[in-house]
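Peer 1: Protein chains in written order, with UniProt numbering: chain A, 1 to 343; chain B, 1 to 343; chain C, 1 to 343; chain D, 1 to 343.
Derived by calculation from the structure, the hints in this document are not laboratory data. Backbone N, C-alpha and C fix where the C-beta goes; we use that ideal spot for every residue, glycine too. Incorrect hints may have been included.
Claimed, not checked - Quick list of simulated restraints, FRET-style, between CB atoms:
#: 1; chain 1: A; residue 1: A72; chain 2: D; residue 2: N82; range: 53 to 61 Å
#: 2; chain 1: D; residue 1: I69; chain 2: A; residue 2: A72; range: 42 to 50 Å
#: 3; chain 1: B; residue 1: R231; chain 2: C; residue 2: A150; range: 49 to 57 Å
Number of protein chains: 4
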Amino acid sequence: MSDRERIKIHGADGPVFGAGIWHFATYVDRYATDGYGEPRTVLDAIELAGQVEDLSVVDLNWPFPPGGISTAEVKDALAARNLRAIAVTPEFYTGRFAKGGFTNPDPEVRRAAIDLVAASAEVGRELGVDYVKLWPGQDGYDYPFQADYADLWDRSVDAVRELAQAFPDLKFAIEYKPREPRNRMVFSSVARTLLAIQDMGVDNVGVLLDFGHSLYGGETPAEAARMAIARGKLFAIDVNDNFRGWDDDMVVGSVHLLETFEFFFALHDAGWDGVWQLDQFPFRENPVEAARTGIGTMKAFHRALGYLDRKELAEAQAAQDALAAQRIAKRALFRALAESEAR
Amino acid sequence: MSDRERIKIHGADGPVFGAGIWHFATYVDRYATDGYGEPRTVLDAIELAGQVEDLSVVDLNWPFPPGGISTAEVKDALAARNLRAIAVTPEFYTGRFAKGGFTNPDPEVRRAAIDLVAASAEVGRELGVDYVKLWPGQDGYDYPFQADYADLWDRSVDAVRELAQAFPDLKFAIEYKPREPRNRMVFSSVARTLLAIQDMGVDNVGVLLDFGHSLYGGETPAEAARMAIARGKLFAIDVNDNFRGWDDDMVVGSVHLLETFEFFFALHDAGWDGVWQLDQFPFRENPVEAARTGIGTMKAFHRALGYLDRKELAEAQAAQDALAAQRIAKRALFRALAESEAR
Amino acid sequence: MSDRERIKIHGADGPVFGAGIWHFATYVDRYATDGYGEPRTVLDAIELAGQVEDLSVVDLNWPFPPGGISTAEVKDALAARNLRAIAVTPEFYTGRFAKGGFTNPDPEVRRAAIDLVAASAEVGRELGVDYVKLWPGQDGYDYPFQADYADLWDRSVDAVRELAQAFPDLKFAIEYKPREPRNRMVFSSVARTLLAIQDMGVDNVGVLLDFGHSLYGGETPAEAARMAIARGKLFAIDVNDNFRGWDDDMVVGSVHLLETFEFFFALHDAGWDGVWQLDQFPFRENPVEAARTGIGTMKAFHRALGYLDRKELAEAQAAQDALAAQRIAKRALFRALAESEAR
Amino acid sequence: MSDRERIKIHGADGPVFGAGIWHFATYVDRYATDGYGEPRTVLDAIELAGQVEDLSVVDLNWPFPPGGISTAEVKDALAARNLRAIAVTPEFYTGRFAKGGFTNPDPEVRRAAIDLVAASAEVGRELGVDYVKLWPGQDGYDYPFQADYADLWDRSVDAVRELAQAFPDLKFAIEYKPREPRNRMVFSSVARTLLAIQDMGVDNVGVLLDFGHSLYGGETPAEAARMAIARGKLFAIDVNDNFRGWDDDMVVGSVHLLETFEFFFALHDAGWDGVWQLDQFPFRENPVEAARTGIGTMKAFHRALGYLDRKELAEAQAAQDALAAQRIAKRALFRALAESEAR
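Chain A on its own, in the form it takes in the complex:
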């Protein structure tokens, strides 16, 4: 059974909702080095994820935090909570990889990054994931003149190609982001990532489009999604929100209601049938409540898609009539949101 079929089965009864398992972790940053709450193992996080009624799938960091947890244990925990692993996210952005994973200047560390991803892919196979997520957060540079850009590009492209060829039965989804933790990242926008994928010359690499990364990077997420879909490369999405100046990973719909709805419209009406996945970081919020809120809003967006008058909207867009197009979109959106909040 192909990945695609698996997703479809999940989606038979409507949209499938997922979350990065780190949604249910606690966090540290450079100030609260002692953490925003007590540490949680991946098993703790799965336990919490299981409390979110509409959540079906999760993306799992690997090695499973905090280490020393077996794939079997994770499988059991998922099964007990009626969850499925949609993806595995190898952590090749930790301290060892501070100066880069695929782009590390030290060949040994670079090799360790590739090996770590390969090992995670094996685990992903065991778990039956749809894709391995690649988030090369440390691959980039911090200062003017620090790096040879062609070299960074080649190292990145070569590493992903090598992995894709080593695991032809798996899909790899690159999550792009303008920056953080590096000041500048190699895979920084949808268009750059699509160009890199071309350079790889393989079929099983695509894009994971994170709404917040796109917004923060100055893209219109709906437009970025259409661009990746048009090239058959939109493998996955993440949803969240921010204030446009940083990857705040806030709860879906807490700031940009219209643009998030437009993103859902672009995906849905292009026939995209993947999982609607949260990438929220509730630093100071209850993660179960935050997930419920995010999914509740995503469900309202899906209901709003049912209310949207496509014919009217197409006419307004054909005329590029901003006022009319917004009125049509808002009518559907506000109706659905009002129903949602009234519950």
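Since the structure of chain A is provided, determine the placement of chains B, C and D on it from the hints.
Peer 2: Okay, now just chains B, C and D, sitting in the frame of chain A:
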């Protein structure tokens, strides 16, 4: 009858809505130098403003565009359209003042700027305005090292003080903005403007808070409003929207619904009783429709204020419970917006 | 003789410097609608350009401002000033094209845009330009939901392809920019533009990389340049500076010295041999002085390239040693800049 | 002996250079949770700081990382390395204070924050510091509607006033910053902080102006400095650099050479005589080298101040002649930088 009483009379039957008369003008920019549409005189613009049902007051550029139009003509046009002039906006940011109005290095040009404002104040008296709006758009600098900042500050403070003392019966409202047309402006934030007003040592100068300027400048507009109100200095507001990176002057509520509603909440619940005024620039949209849309959304915000459960919200805010506070605010907002769009 | 050869001849004695002729115009914006100075015809501007000692080539707006000026007149004026037209910039971003040139929803206006570019290409042939510059400043959208993004993309790609095929002997260089005058533009980044050029499937379309657009769009200009060069698509560049939040078109090197030097290094060391061209907008400065300053700084960058120790730099970059790489770059840069300022 | 006198003594032989001791620590962030390098105690960090030749003073986090280290031990370590503690920085932004220090909704946690600062002040007295630095990084909010802004303001103002009154012999310097770790901070700009200090009504509270915070917050740091100095409230500064979109804490002068030099000029020529202090975070760089580089550049700025022709500059600024002013500043700056790099 005081300014305050006049506003109150207007507000007896609910919120009073206004607009900068430039909302109904056409525009040029550095690319479309031939203009986004045929030029319109202030009389044309008043004619269009009169077509917007809920619009009661307008802020008028002076000299009345394109020049050669008398105050009497404008008064008649306003009366014919059942409109009132709430403010006059002297144009001391045109070509002559390219290097500054109050801060112009040429004493003669600086004097011309002050005189122009004074002349507009006389016109304002005739029109019975509530305030003279000061928007020193060319007062600032463009390059590192170009200006002596203390000098710019003093020239700005001194000019406004002089005007305020010359017209003790009038109010002057400074509209701050981070930049444009200068790369950096003297009155760039609410807090800087409040400090400058202190330095003036007069009672009849306050702030005009433009929602979009505040948002674009990295402020939370609701917080900025509260700060100015707490000091008794919020003389007027303008509403619009943008993508946070520039003063796009888009239609109210086209992007930031929650933050605009929060701004209305902050103003209303602090007992602020001024006019709810549009500062939209419909470059490519029908200005009458754009104004109707903006006012329609503002009315929905006011209705939402009626639905808002203050007690619940106060509790959520006392606990800084973001999820609860957003839920409470959204419930009221979406209900009102859905009603509004369903009409 | 090919474009490339022509450029090379110009460059025999070192770098060739150019400028958009608008550098010597005066400007309007939405506030100073009466203009930052008296209007200047293209002939006036050429006269001023001729006063800049090191300036060899200019990019010319067409129709020649303010209209009614013949190609012969312009040719004569250029010859009299020892200048050459390197490019022609058709103005399909004026009032008529407010809702788009290539993407205009009205087929007639869209056709008029294409025709205007075609007519400018004929003029370009007569002038012997190296390329026709395409700057589709009005091609994009302003509001969420306003546009069908796939449609905008197709209209843009189709129009440029049509033009490229109609003028196979000419080159077309697309100048990308994130926004302004539209809130969002179709050709917004180097990678998006490269993808669009692929979709066109023609050989004579490339990129014009404006340093300021790249910087403002969150790119590292040196990296963007390398990406376009690697694909053989960097047809031209423009240089200027800004505060990263807008296309301020300030004088070269007034803010970002190191990143501009890195841009020059990336171009030069990749063997790029085009013209080093100014796109400054001296709103309030003397344009001749501004051009001299910009070119003076560009000459210092070229001298610094002579001082740069490539071997040391390559080693530092191979190790991604930011401190060492900056030290090496700064040593060369500061020496050249100090010499330049000491003159 | 007053704080002022102590600083002056240090400065007898020229500028005094300092650093936050965290410059010599290692860091974690939300991705590299295992850290960018092995943990270092404050004693390790002092050891490293001692290797930086021109470093005279340090600002010390308290409780001394990682805890369990006595003031006597720190005093000895400082003495052994010929360093002096210029300030103490109480860490009321760790996990316990995730929802705020002075603004925490839980009265007990808020009291703990105040107590922690008070305890640090006692330690500061023992160490003979010039000021207690207040950096209320967790004091703010993350979501629209989350907080009552007047309440946050009052809690912040009241807490600092209470501390200032409890330690009338000490100075307290508030370090403002637009955001991080909270999405929005209470003390977000120089002007807001000055207004808050007014509201406190005490004499021993001032501002610590971090160059990068100011730049990132959209201020011109030189202008912000002049504003604080004019009110007698600039107690301290920190220097670093960034890409304007985040608090990158890069090495001084790695991006914004001119604006940093302008900042030094503004401070120096206003007669400000404090310590020139680094707040760099060398995540992936050698901290000793990074400090040497930063101080080397600061020394070049000071030398450049000696070369700067004040008369010429004053004339250029009086005319707001950007080209002339930049030329004058660059001549001095590049000469000093070239000398510095040539060594």
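Peer 1: Does each hint hold? Answer for all of them.
Peer 2: How the hints compare with the structure:
no., hint, result
1, A:A72 / D:N82: 53 to 61 Å, "holds, 58 Å"
2, D:I69 / A:A72: 42 to 50 Å, "holds, 44 Å"
3, B:R231 / C:A150: 49 to 57 Å, "holds, 51 Å"
Of the hints listed earlier, there is not a single one the structure fails to meet.
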